[in-house]
Structures are given as structure tokens and as C-alpha cells.
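K.L.:
Read off the chains here:
2 protein chains.
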Amino acid sequence: MNKTILLHKRPQGKPSLENFKTVSEEVPTPKEGELLLKTVYVSVDPYLRGRMNDAKSYIPPFELNKPIQSGIIAEVVDSHLQDFKKGDFVSGMLAWKEFQTSTGKGLTKVDPKLAKLSSYLGILGMTGLTAYLGLTEIGKPKEGETLVVSGAAGAVGTVVGQIGKLLGCKVVGITGNDEKVKLLTSTFHFDHAINYKTTPDLKAAIKSSCPDGVDVYFDNVGGEISDAVLAHINKFARLPVCGAISLYNETEVPMGPRLQPILLTKSATMRGFIIGDFASKFPSATRQLAAWLNEGRLQSRETIAEGFDNIPQAFLDLFEGKNKGKMIVKVGE
Amino acid sequence: MNKTILLHKRPQGKPSLENFKTVSEEVPTPKEGELLLKTVYVSVDPYLRGRMNDAKSYIPPFELNKPIQSGIIAEVVDSHLQDFKKGDFVSGMLAWKEFQTSTGKGLTKVDPKLAKLSSYLGILGMTGLTAYLGLTEIGKPKEGETLVVSGAAGAVGTVVGQIGKLLGCKVVGITGNDEKVKLLTSTFHFDHAINYKTTPDLKAAIKSSCPDGVDVYFDNVGGEISDAVLAHINKFARLPVCGAISLYNETEVPMGPRLQPILLTKSATMRGFIIGDFASKFPSATRQLAAWLNEGRLQSRETIAEGFDNIPQAFLDLFEGKNKGKMIVKVGE
Numbered sequence: 001m002n003k004t005i006l007l008h009k010r011p012q013g014k015p016s017l018e019n020f021k022t023v024s025e026e027v028p029t030p031k032e033g034e035l036l037l038k039t040v041y042v043s044v045d046p047y048l049r050g051r052m053n054d055a056k057s058y059i060p061p062f063e064l065n066k067p068i069q070s071g072i073i074a075e076v077v078d079s080h081l082q083d084f085k086k087g088d089f090v091s092g093m094l095a096w097k098e099f100q101t102s103t104g105k106g107l108t109k110v111d112p113k114l115a116k117l118s119s120y121l122g123i124l125g126m127t128g129l130t131a132y133l134g135l136t137e138i139g140k141p142k143e144g145e146t147l148v149v150s151g152a153a154g155a156v157g158t159v160v161g162q163i164g165k166l167l168g169c170k171v172v173g174i175t176g177n178d179e180k181v182k183l184l185t186s187t188f189h190f191d192h193a194i195n196y197k198t199t200p201d202l203k204a205a206i207k208s209s210c211p212d213g214v215d216v217y218f219d220n221v222g223g224e225i226s227d228a229v230l231a232h233i234n235k236f237a238r239l240p241v242c243g244a245i246s247l248y249n250e251t252e253v254p255m256g257p258r259l260q261p262i263l264l265t266k267s268a269t270m271r272g273f274i275i276g277d278f279a280s281k282f283p284s285a286t287r288q289l290a291a292w293l294n295e296g297r298l299q300s301r302e303t304i305a306e307g308f309d310n311i312p313q314a315f316l317d318l319f320e321g322k323n324k325g326k327m328i329v330k331v332g333e
Numbered sequence: 001m002n003k004t005i006l007l008h009k010r011p012q013g014k015p016s017l018e019n020f021k022t023v024s025e026e027v028p029t030p031k032e033g034e035l036l037l038k039t040v041y042v043s044v045d046p047y048l049r050g051r052m053n054d055a056k057s058y059i060p061p062f063e064l065n066k067p068i069q070s071g072i073i074a075e076v077v078d079s080h081l082q083d084f085k086k087g088d089f090v091s092g093m094l095a096w097k098e099f100q101t102s103t104g105k106g107l108t109k110v111d112p113k114l115a116k117l118s119s120y121l122g123i124l125g126m127t128g129l130t131a132y133l134g135l136t137e138i139g140k141p142k143e144g145e146t147l148v149v150s151g152a153a154g155a156v157g158t159v160v161g162q163i164g165k166l167l168g169c170k171v172v173g174i175t176g177n178d179e180k181v182k183l184l185t186s187t188f189h190f191d192h193a194i195n196y197k198t199t200p201d202l203k204a205a206i207k208s209s210c211p212d213g214v215d216v217y218f219d220n221v222g223g224e225i226s227d228a229v230l231a232h233i234n235k236f237a238r239l240p241v242c243g244a245i246s247l248y249n250e251t252e253v254p255m256g257p258r259l260q261p262i263l264l265t266k267s268a269t270m271r272g273f274i275i276g277d278f279a280s281k282f283p284s285a286t287r288q289l290a291a292w293l294n295e296g297r298l299q300s301r302e303t304i305a306e307g308f309d310n311i312p313q314a315f316l317d318l319f320e321g322k323n324k325g326k327m328i329v330k331v332g333e
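In order, the protein sequence lines correspond to chains A and B. Using full-length UniProt numbering, you'd call the opening residue of the first sequence number 1 and step up by one each time. Using full-length UniProt numbering, you'd call the opening residue of the second sequence number 1 and step up by one each time.
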């Protein structure tokens with residue numbers, strides 16, 4: 001049989017296991033021009049929360065009682081397509097199913113000899129590209145500048161901070177527990193890391209870690225953490241807005257201090273993006289990331305959950321900050 | 001005698017005449033290397049409100065019991081400097097005094113034969129440059145796009161809208177009375193203008209005026225008007241933040257809906273600026289504005305108050321929206 005995870009109920013506020021439902025279907029038989037894929041690794045990402053709402057956004061919402069989709073690495077187990085053969089591994093936006101057919105559209109072959117398979121969902125996949133392109137195309141960090149990243153121990157944050165260091169910045173990370181603080185300053189060589197949950201005065205902590213002010217703020221979280229960073233931005237600061245995980249589960253429109261006065265006073269630029277905005281730069285960005293990874297100048301960190309049934313829980317754990325680096329579910333071999 | 005207007009008390013919230021004090025001094029005698037200047041036209045501008053606070057910003061605050069400064073056109077009445085002679089007219093950041101000396105630093109000679117003197121404070125001065133450079137460098141409007149401008153009947157707004165039309169945009173202005181609505185659509189050829197004070201549902205009015213969404217929002221006001229425009233921005237919208245007059249007199253940090261989610265969903269760019277950020281482009285921008293003005297493709301509109309003693313009241317009138325176009329005080333001949 002073939003397990004499939006559906007969107008069962010739309011969440012109000014924080015999602016829970018009740019929003020998902022696992023059903024069993026028959027394993028499909030690929031037709032002419034189709035592949036049969038077996039899921040190996042599933043990416044769970046904060047942005048999926050937005051697709052669970054019935055709201056217009058940059059991608060359509062998930063439909064009720066239809067499978068959730070996300071980035072998946074799968075193995076080709078049967079092929080009626082010239083370009084793919086049994087035993088190939090592919091990456092693409094696929095359904096949360098153990099087995100599924102595909103026409104091959106939107107799939108990219110990935111090579112398990114060049115890098116471990118899970119890294120194609122992380123540092124060599126969407127999160128690595130998001131970190132690299134958001135930072136370089138919008139943040140435009142210059143040597144000697146100060147870069148602050150929130151959600152610093154997450155999939156994107158860990159890569160942003162490391163690239164900031166490679167580009168000669170002073171890097172300060174904001175994260176939610178002391179173990180992650182240690183990870184950021186040791187494994188990832190951040191200059192400072194701040195635990196926002198235990199720091200009594202976040203503004204003061206940022207001021208103390210960034211005596212020269214903040215030139216680039218790579219924002220993964222939004223909300224009060226970002227307010228505290230904005231209090232210390234320099235003239236001409238650049239603020240890539242990559243995510244707003246602290247706001248995704250709000251049921252009312254979240255309110256906060258208006259930003260126009262500070263952007264005006266500091267001639268600062270705040271720009272939202274999704275990685276598809278930079279699609280033309282994926283090949284060169286992937287080459288750069290792979291080169292740094294092979295040279296050992298970039299560390300990839302993953303939190304791997306095990307088992308198809310645990311995909312929803314792994315997704316929910318993102319909102320509790322339980323992951324270090326990229327959260328991935330290992331489903332098969 | 002020589003009247004001078006000082007900052008007497010810092011305003012809390014909305015400023016009033018009590019914040020200013022007029023004193024009389026002797027007319028100074030220029031020394032070697034100095035000019036004696038007689039004030040002719042005084043520019044009053046919303047941004048001066050920020051300098052009345054004792055707060056760090058992009059320019060230092062005015063000092064208590066010292067003269068206010070703003071853009072001024074003055075006549076050289078005595079000169080001990082080679083580059084200036086009696087009868088020349090100059091433009092510069094000068095004190096609210098009938099007469100003052102200057103070393104010539106920061107002064108620009110202006111030619112009353114090329115354009116009327118007051119226009120060097122408006123369409124050929126700081127406000128024209130602000131409109132042109134904010135729009136073209138940040139807004140980057142493309143032919144056929146929709147441009148919305150708030151504070152549309154003000155000094156900057158009237159120029160932004162006209163340039164938008166010259167560049168082939170559909171232009172919608174937001175303003176505060178019906179007379180201004182008419183001015184914008186007749187004299188300045190805006191496609192639509194909205195009176196935000198009488199429109200029962202500003203969001204709906206913007207939606208109706210901008211059926212293809214908003215590509216560029218030139219923001220002079222901030223606050224709830226901007227919230228309504230932001231509800232209709234398109235993917236990749238550009239939002240130059242030029243002013244926030246609706247927030248300048250707030251005594252508490254103004255609160256509003258957080259912007260990160262909408263900037264993220266729309267891959268939109270919000271950027272604050274002051275005109276000094278683009279100083280290297282002043283010569284080419286001034287040439288373009290003067291050319292359009294001479295060709296009759298750009299209309300300059302001014303509200304002129306009369307008399308040195310009326311400078312503070314003219315400034316206060318800005319916050320009541322009493323001006324159409326640039327607010328200027330005529331002091332001498």
C-alpha cells in the first residue's frame with residue numbers, strides 16, 4: 001500500500017496533527033511517458049504554513065483533502081521516459097506520498113556521488129539558494145560590515161551566517177536556545193549569537209554585539225525580534241525579508257511599530273523575496289555553494305526525522321525551533 | 001533692525017506658534033571673506049518638524065533659542081567675496097533671519113532670468129529633485145504601470161504625478177479635499193484622484209482606481225493611507241518612502257499592521273531616502289526638470305504666504321494641508 005498525507009482541516013493559528021490525515025491508496029502504475037517515484041527524503045519548511053491557509057499568495061493554497069506538497073528527493077523505481085532510468089534520484093516539488101507517478105516535469109536529477117542526497121533539499125537546494133541569493137542580491141554585504149541574521153540556527157540562517165563570514169562580514173545570529181548559540185559561534189564561526197528567549201533586553205544585546213550598527217539584517221522571523229534589530233540599523237542598511245515565522249500562526253493581522261519613519265531616517269531598503277525571483281541565477285549560485293561545500297568552507301547541518309508518518313510532526317517542530325539547520329524527514333533508503 | 005525666528009520650545013505632538021519666538025537683532029556687518037544676504041523667499045517643509053525634536057536623525061536637531069533653518073533664496077546686498085557680487089541671488093540652507101552673513105559655503109547662485117526665483121525652492125530645487133530622483137531611482141516606473149502617490153497635491157506629490165504621466169504611467173493621487181482632487185485631475189492630468197477624507201472605504205477606492213494593482217507607491221504620508229495602498233500592490237512593487245507627514249506629530253511610537261508579510265508575499269521593495277542620498281545626480285536631474293518646465297510639459301504650483309512674521313504659520317499650515325504644491329513665504333522683493 002501507499003501512504004499519503006492530506007490537508008484535513010485548515011489551521012486556525014498554530015497548526016497541529018489534527019490538520020493532517022494519513023490515508024492509504026494503491027501504489028499507482030506509471031503509464032507511457034510517466035515515472036514511478038519512491039520518496040526518499042521530504043523537506044519540511046516554514047513557508048508551507050502559508051499554503052495551508054485559504055488565501056491568495058505567491059503560490060496557490062493547498063486544497064482540502066488533497067496531498068500536501070513540498071521539496072522531495074525520490075528514487076526512480078520504474079520509468080517510461082527516455083531521460084530517466086530506474087535507480088536515478090530526482091529532486092522536485094512532489095506530494096507527501098510514499099509512491100507517486102510523474103511526467104518528469106519540474107524534476108531535476110541529483111547525483112548521490114557528488115553530495116549526500118539530503119543536501120539537495122538543503123544547502124545545495126532551495127534553502128542554500130535562498131540564503132546565498134537573498135544575501136548577495138538584496139543584502140549586498142561589503143567586507144567589514146555587520147550582518148545580523150534572525151532564525152540564525154535554521155536551514156537558511158546557518159548558511160546566511162557562514163556566507164557572511166566568507167564575504168568578510170562581522171556576523172551576529174539571533175536564536176532561541178543556548179545550545180544553538182553555541183552551535184552558531186563554534187561550528188559556524190558566527191562572531192556573536194544571542195538567545196532572544198533569555199536575553200532580558202534584546203535591543204541592548206544587539207547594541208552591545210553590534211557596536212558599529214547593523215548594515216544588513218537578514219530577516220527570517222519578523223515581529224519583535226526584528227523591531228529590536230531595526231532600532232540599530234545604519235544609514236543605507238539593506239533588509240532582505242526572507243520569512244516571518246513569528247507571524248505565520250497569528251490569527252489577527254499582526255501589529256507593530258510602523259517602519260516608514262525608520263526606513264526614512266536611515267535611507268534603508270527592506271525587500272521581500274521568494275527564491276523563484278532569482279531563478280536565472282540558480283546555476284551560478286549552485287556552483288558557488290557546491291565549491292564552498294567541497295572546499296570545506298561551508299558546513300551543512302541537518303536535523304533528520306525518520307519515517308513517513310512523522311512528516312507532520314517534523315513540520316510542527318519547526319515552529320518550536322526544534323531543528324538545527326535544515327529539517328528533513330527520511331522516508332526510505 | 002533684523003528679525004530672527006528662534007526655536008523657543010520643542011513641540012510635543014502638533015507644533016503651534018508658541019514653539020517659535022521672533023526677536024530683533026542688529027543687522028550684522030560682513031567681514032572679509034563674507035557676504036551680507038537679504039532673505040527673499042523661505043521654504044517651509046514637513047521634514048523640519050523632525051528637526052524640532054531633540055532626537056538623533058539624519059540631520060542634527062535645531063537647538064533651543066537658536067534660529068530655525070530651511071531652504072532660502074536670498075539677495076547678496078554686500079560682498080567681500082570674489083565669486084558673488086551685489087545683486088546676485090543665491091539659494092542655500094540659511095537661518096530664518098531677514099539679514100545674515102555667510103562665507104558662501106553651501107550657496108548656489110540662481111538666475112532670475114532662467115526661472116522665477118521661487119521655483120529654485122520648488123520644482124527646480126529640493127522638492128523637484130526629491131520627486132524626480134525618488135521616483136526614477138527607487139520607483140523605477142515602466143510605461144503602462146500604475147503609480148499611486150500620497151500627499152499628491154503637495155510640493156513633491158504634484159511633481160511626482162506629472163513625471164509619472166510623462167513616463168507613460170497611469171497615475172492616481174490621494175489627497176485631502178475636493179478642490180485638490182480637481183486640481184490633480186485637471187491642471188496636472190492625473191488619471192484619478194481620491195479624497196481620503198470623504199471616501200468611505202479607501203481600500204475599495206484604490207482598488208477601483210487601480211484595477212491592475214499598484215506597481216509604484218510614492219509615499220509622502222505613511223499611516224493608514226499607506227496601509228490602504230499596500231493592500232493592492234503588485235508582485236515586485238517599488239515603494240519609495242519620501243515622507244510620513246501623518247506620523248510626524250505622534251507623541252507615541254505609531255503602530256500599524258506589520259509590513260513584512262506583505263513585502264514577502266509580493267517580493268516588494270520599500271526604501272526610504274532623503275534627497276542628499278542622490279547628490280551626484282543633481283546636475284542631470286535639474287537639467288531634465290528645467291527642460292520639461294521650459295517645454296511646458298511640467299507645471300509648477302506654489303502657495304505663497306507673505307511676510308517674514310508669517311513663516312511659522314505657513315509651516316503650521318502644512319500639517320493642515322492648506323498648501324497646493326510648494327509652500328513658500330515671500331519675505332522681500
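Careful, some of the hints might be misleading.
To be verified - Simulated crosslink set (DSSO-like; lysine-lysine; CA at most 30 Å straight-line):
hint, chain 1, residue 1, chain 2, residue 2
1, B, Lys-21, A, Lys-203
2, B, Lys-21, B, Lys-9
3, B, Lys-66, A, Lys-142
4, B, Lys-142, A, Lys-235
5, A, Lys-56, B, Lys-235
6, B, Lys-14, A, Lys-203
7, A, Lys-142, B, Lys-9
8, A, Lys-235, B, Lys-66
9, B, Lys-142, A, Lys-56
10, A, Lys-281, B, Lys-56
Hint data in this document are derived by calculation from the structure and do not stem from the laboratory.
K.L.:
Could you work out which of the previously given hints the structure breaks and list their numbers from low to high?
P.N.:
1, 3, 7 and 10
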